[in-house]
Amino acid sequence: MVIGASLAGARTFTATASQGLAYMWEALYAASGLRLPIVMALAARALSAPINIHNDHSDFFGMRDAGWIMFNGEEAQETYDLTLMAYEIAEDPRVLLPAVVSYDGFIVSHAISDFYALSDEDVIAFLGKRSTGPKLDPDNPRTFGVLALQDSYFEFRRQQYEAMENSREVIAKVFRKYEEISGRSYEPLKKYMVEDAETCLVVMGSTVGTARSAAKILREQGEKVGVVDILQYRPWPAKEAEQLFSRFKRIIVMEKTMSPGMMAGPMYEDIASTIYPKYNGVKMVDFTYGLGGRDISTKGVIDIYRLGKELIDKDKTDVVHFYGVRE
Amino acid sequence: MSKLNPIAKIADLPEDSKFRPGHRLCAGCGPAIAAKLITLAVPEAIIVNTTGCVEVGTTIYPYSAWKVPWVHVLFQNNAPVAAGIAAALEKLSAEGRAKKMPVIALGGDGATFDIGLGAISGALERLDRFVYICYDNEAYMNTGIQRSGASILGSATTTSPSGKVIPGKQENKKDLIGIVAAHHIPYAATATLWLWRDMINKIRKAVNYSEQGPAFLHILAPCQFGWRYEPNLTIKISRMAVETRLFPIYEIEDGQLKINFRVTKPAPIEDYLKIQRRTRHLLEPKNAETLQRLKEWAEWSWQRLENLEKAGKVF
Chain A
1 MVIGASLAGA
11 RTFTATASQG
21 LAYMWEALYA
31 ASGLRLPIVM
41 ALAARALSAP
51 INIHNDHSDF
61 FGMRDAGWIM
71 FNGEEAQETY
81 DLTLMAYEIA
91 EDPRVLLPAV
101 VSYDGFIVSH
111 AISDFYALSD
121 EDVIAFLGKR
131 STGPKLDPDN
141 PRTFGVLALQ
151 DSYFEFRRQQ
161 YEAMENSREV
171 IAKVFRKYEE
181 ISGRSYEPLK
191 KYMVEDAETC
201 LVVMGSTVGT
211 ARSAAKILRE
221 QGEKVGVVDI
231 LQYRPWPAKE
241 AEQLFSRFKR
251 IIVMEKTMSP
261 GMMAGPMYED
271 IASTIYPKYN
281 GVKMVDFTYG
291 LGGRDISTKG
301 VIDIYRLGKE
311 LIDKDKTDVV
321 HFYGVRE
Chain B
1 MSKLNPIAKI
11 ADLPEDSKFR
21 PGHRLCAGCG
31 PAIAAKLITL
41 AVPEAIIVNT
51 TGCVEVGTTI
61 YPYSAWKVPW
71 VHVLFQNNAP
81 VAAGIAAALE
91 KLSAEGRAKK
101 MPVIALGGDG
111 ATFDIGLGAI
121 SGALERLDRF
131 VYICYDNEAY
141 MNTGIQRSGA
151 SILGSATTTS
161 PSGKVIPGKQ
171 ENKKDLIGIV
181 AAHHIPYAAT
191 ATLWLWRDMI
201 NKIRKAVNYS
211 EQGPAFLHIL
221 APCQFGWRYE
231 PNLTIKISRM
241 AVETRLFPIY
251 EIEDGQLKIN
261 FRVTKPAPIE
271 DYLKIQRRTR
281 HLLEPKNAET
291 LQRLKEWAEW
301 SWQRLENLEK
311 AGKVF
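Line order of the protein sequences matches chains A and B.
Using this note's numbering, the letters of the first sequence map in sequence onto residues 1 to 327.
Using this note's numbering, the letters of the second sequence map in sequence onto residues 1 to 315.
Bear in mind the hints are in silico, worked out from the structure with no lab data behind them.
Heads up, a few of these hints could be off.
Quick list of in silico lysine-lysine cross-link-like pairs, BS3-like style, CA-CA up to 30 Å [unchecked claim]:
| no. | chain 1 | residue 1 | chain 2 | residue 2 |
| --- | --- | --- | --- | --- |
| 1 | B | K99 | A | K129 |
| 2 | B | K67 | A | K129 |
| 3 | B | K100 | A | K135 |
| 4 | B | K91 | A | K177 |
| 5 | B | K100 | A | K129 |
| 6 | A | K177 | A | K129 |
| 7 | B | K310 | B | K36 |
| 8 | A | K135 | B | K67 |
| 9 | B | K174 | B | K310 |
| 10 | B | K67 | B | K91 |
| 11 | A | K135 | B | K3 |
| 12 | A | K216 | A | K135 |
| 13 | B | K99 | A | K135 |
| 14 | A | K135 | B | K164 |
| 15 | B | K91 | A | K129 |
| 16 | A | K249 | A | K190 |
| 17 | A | K299 | A | K278 |
| 18 | A | K135 | B | K91 |
| 19 | B | K100 | B | K3 |
Here are a few chain B residues that face chain A, going by a calculated C-beta distance under 8 Å [stated by the list, open to error]:
| no. | residue |
| --- | --- |
| 20 | K99 |
| 21 | L127 |
| 22 | Q212 |
| 23 | G213 |
Predicted model only: the values in this text are computed from it and were never measured.
Don't be surprised by glycine CBs; every beta carbon is placed ideally from N, CA and C.
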C-alpha cells in the first residue's frame with residue numbers, strides 16, 4: 001500500500017514490528033530497489049518460534065542488508081526527532097532510499113513518556129512537500145520495476161550502494177538543520193563518558209540509559225568506562241566508528257540479537273571490521289542479552305562489564321557470551 | 001475521470017494501442033492480446049503488474065512495451081500497490097499535485113488465484129478504488145508450466161504431469177469469481193479474447209465502477225506454450241472454452257448475476273481437449289473417469305450459474 005502511494009508521489013509512512021517486518025521481507029528490498037523514500041517505524045521485537053512479542057533486536061538486524069537507512073531511537077524523543085529527519089534524508093534527490101526508525105518494542109513503544117513536539121508550522125517549514133523520487137505520471141509514462149538481467153541488474157544495485165554512501169553527507173546536514181529548529185543535536189554514535197575511557201560498552205536502544213547509569217556507578221568505583229549508543233546503524237558511520245573505537249583498550253558489545261553459527265553478533269562484526277586489522281591492540285568481547293524481552297538492570301550491565309573485562313584480560317573472547325540465560 | 005461508454009464497433013477504439021510491438025511474449029500469446037485490448041479499452045491508465053509472463057516479456061531493461069505509466073513490484077502485491085496509488089491520487093489530485101486516472105492491477109492466475117489472494121481480498125474488502133484484471137492462462141507459465149489453482153482438472157503440467165500414476169491435475173479449478181463476489185464489490189465479470197467487444201466493454205464498465213470501489217475481471221487468456229497447441233489457434237481455443245461451458249461468460253453487477261453468452265447447446269468437451277497436448281491424454285480410455293469428472297464439473301458450474309442468475313440479487 002505505501003509502495004503504491006509512494007510511487008504515485010505521496011509522502012508515506014508505515015509502522016510494523018516483529019513478524020510483520022519478517023513478512024514484508026520482499027517488500028523491503030522492493031522499496032529500496034524502486035528508490036522510494038518511505039519512512040517506517042519499527043517497534044523492535046523478537047521473532048518466532050517460539051512466539052514471544054517482547055523486545056529484542058532480531059527483526060531490526062534481520063533487515064540489515066535490505067538497503068534501508070536505519071536509525072535506532074533510545075526513547076520517545078529520539079524516535080520522534082529521527083522520524084521527522086528520516087523524511088528529509090530519504091527524500092533528498094542524492095539519496096532516495098527508504099528509512100526505518102526503530103525503537104524498543106514495549107519498553108519504549110508501550111511506555112508513557114514526555115517529549116517535545118515541534119509545531120505543525122515548524123515541521124511543514126522543515127520538510128515542505130515531497131517533490132522528489134519516482135512518479136507514475138501519465139504525461140511522462142515511465143516503467144518502474146523492470147526486469148533487469150545479467151547485463152544491467154548489477155548496475156542498478158551499484159547505484160543503490162552509491163545512494164547509501166551519499167546519505168552520509170545528507171544525514172549530517174539534516175542533523176544540523178534539525179538542531180537549528182529543535183535545539184537538539186544528533187550524531188551517528190552517541191557517546192557518554194568516553195573521553196578518558198579504557199573500556200567501552202556498546203549498546204543500542206533502551207538499554208543505553210541503563211548502561212549510562214551503570215557507567216556512572218562504575219566511574220565512582222574508579223573504573224574508566226564509557227558508553228556508545230549506535231544511533232545510526234546504516235549507513236554504518238565508519239569514519240566516526242574508526243576514530244572512536246580505535247582508542248579504547250577494551251570494547252564490550254551488548255547485543256539483543258543472536259546470529260547462530262557465528263562467533264559474534266552484528267554490531268561486534270561491524271566494529272571489528274571497522275578497526276581490524278589497523279588497530280589490533282583493541283580487544284573485543286560480545287554478549288548476547290535480553291532476548292524475548294528479558295529485562296536488563298543496571299546491575300546486569302555492571303555484571304557484563306566486569307565479566308567482559310575479565311574475559312578480555314584473560315583472552316577468552318572467541319565465543320559469544322550469554323548473559324541472563326538459564327543454562 | 002470521464003465516463004467510458006460501451007463501444008459498438010472496432011472503429012470506436014483508438015487506432016493504436018499503448019501496448020507497443022517489440023515485446024518478447026510468444027507468438028499467439030493470449031495474455032499479450034489481452035494486454036493490447038486493455039490498453040485499447042482504457043487508453044489512459046496506470047498499470048500495476050504482478051510478476052509473471054506479461055511482466056518479464058514486456059519490460060526487459062532498457063526496453064518497455066508500455067506507453068502508459070507501469071509498475072511491477074512483487075508477485076503478490078499488485079492489489080495493495082494499486083490501492084495505494086489510487087488513494088494517493090485521490091489526495092494529490094485534490095491538491096492539484098497529480099492527475100487522477102484509472103488504476104488497473106494486472107495479474108496472472110498464479111498471482112491472483114494463489115499467491116496474492118489474501119492481499120486481493122484485503123483490497124476488495126476495503127473497497128479500494130481500482131480495477132483488478134486477472135489474465136488466466138491456467139498455470140505458472142513463466143516459471144515453466146507448474147499447476148496453479150486455476151489449472152483445470154486433468155491438465156498436464158510439470159508439477160501435475162500425466163503419466164502412469166495420475167492423469168494430470170487431480171483437482172478442479174478454483175471458483176475465483178465466487179470468492180471475489182463474496183466480497184460484494186460493485187462489479188465482477190468473466191471475459192475472454194474471442195468475445196473481444198464483450199471484454200472491452202466490461203473493462204470500460206469496470207473502470208467506471210472503480211470510482212466507487214473495486215471492480216474485478218477474470219479473463220481467460222490461452223497460452224500456446226503451456227497448453228501446447230499451435231500458436232494460430234489462440235482465439236479458436238478461447239472460443240471453444242466458452243462453447244463447451246468450461247469457461248462461462250457472465251457478470252455480477254449490483255448483486256445480480258447475468259450470463260452474457262448463453263451456451264444452449266454445449267460443444268463436446270473432447271474437441272477442446274484433443275487439440276491441446278496438456279489435455280489430450282484425457283481422451284485415452286484409462287482416463288475416462290477424470291474426463292467424466294471434468295464434464296460433470298463443467299455442467300454443475302453452469303447449472304449453478306443459471307440458478308444464481310434466477311435467484312435475483314444474491315451477491
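Okay, the hints, checked on the actual structure:
For a cut-off of 30 Å, the pair hint linking K99 of chain B to K129 of chain A stands: about 17 Å separates their Cα positions. Distance check on the hinted pair: K67 of chain B and K129 of chain A sit about 28 Å apart at the alpha-carbon level, within 30 Å; holds. Between the alpha carbons of K100 of chain B and K135 of chain A the distance comes to roughly 13 Å, so the proposed pair stays at or under 30 Å and holds. A hinted pair counts as satisfied when its Cα atoms are at most 30 Å apart, and K91 of chain B with K177 of chain A qualifies at roughly 29 Å.
This hinted pair checks out: K100 of chain B and K129 of chain A have alpha carbons roughly 19 Å apart, not beyond 30 Å. A C-alpha spacing of about 17 Å is found between K177 of chain A and K129 of chain A, which places the hinted pair at or below 30 Å, so the restraint holds. With a C-alpha separation of about 35 Å, the suggested pair K310 of chain B and K36 of chain B falls outside the 30 Å cut-off, and the hint is violated. Straight-line distance between C-alpha atoms of K135 of chain A and K67 of chain B comes to about 15 Å, which keeps the hinted pair within the 30 Å bound.
The suggested pairing of K174 of chain B with K310 of chain B holds, with an alpha-carbon distance near 23 Å, which does not exceed 30 Å. Distance restraint check for K67 of chain B and K91 of chain B: the Cα-Cα separation of roughly 25 Å lies within the 30 Å cut-off, and the hinted pair is therefore satisfied. Taken as a hint, the K135 of chain A and K3 of chain B pair is honoured in the structure, with Cα atoms around 25 Å apart against an allowance of 30 Å. Between the alpha carbons of K216 of chain A and K135 of chain A the distance comes to roughly 51 Å, so the proposed pair goes past 30 Å and is violated.
For the hint pairing K99 of chain B with K135 of chain A, the CA-to-CA distance comes to about 11 Å; that is within 30 Å, so the pair holds. For the hint pairing K135 of chain A with K164 of chain B, the CA-to-CA distance comes to about 54 Å; that exceeds 30 Å, so the pair is violated. The suggested pairing of K91 of chain B with K129 of chain A holds, with an alpha-carbon distance near 13 Å, which does not exceed 30 Å. With a C-alpha separation of about 19 Å, the suggested pair K249 of chain A and K190 of chain A falls inside the 30 Å cut-off, and the hint holds.
Of the pairs offered as hints, the one joining K299 of chain A and K278 of chain A is violated, with about 34 Å between alpha carbons and a cut-off of 30 Å exceeded. Restraint check for K135 of chain A and K91 of chain B: satisfied, since their Cα atoms lie roughly 15 Å apart, inside the 30 Å limit. For a cut-off of 30 Å, the pair hint linking K100 of chain B to K3 of chain B stands: about 13 Å separates their Cα positions. At a threshold of 8 Å, the smallest CB-CB gap from K99 of chain B to chain A is about 6 Å, leaving the interface hint in force.
Interface hint at L127 of chain B: violated, since its Cβ lies 14 Å from the closest Cβ of chain A, which is beyond the 8 Å cut-off. Given the 8 Å rule on beta carbons, the hint for Q212 of chain B is violated: about 19 Å separates it from the nearest Cβ of chain A. Nearest Cβ of chain A to the Cβ of G213 of chain B: about 16 Å, over the 8 Å cut. The hint is violated.
Consistency note: the structure conflicts with the earlier hints numbered 7, 12, 14, 17, 21, 22, 23.
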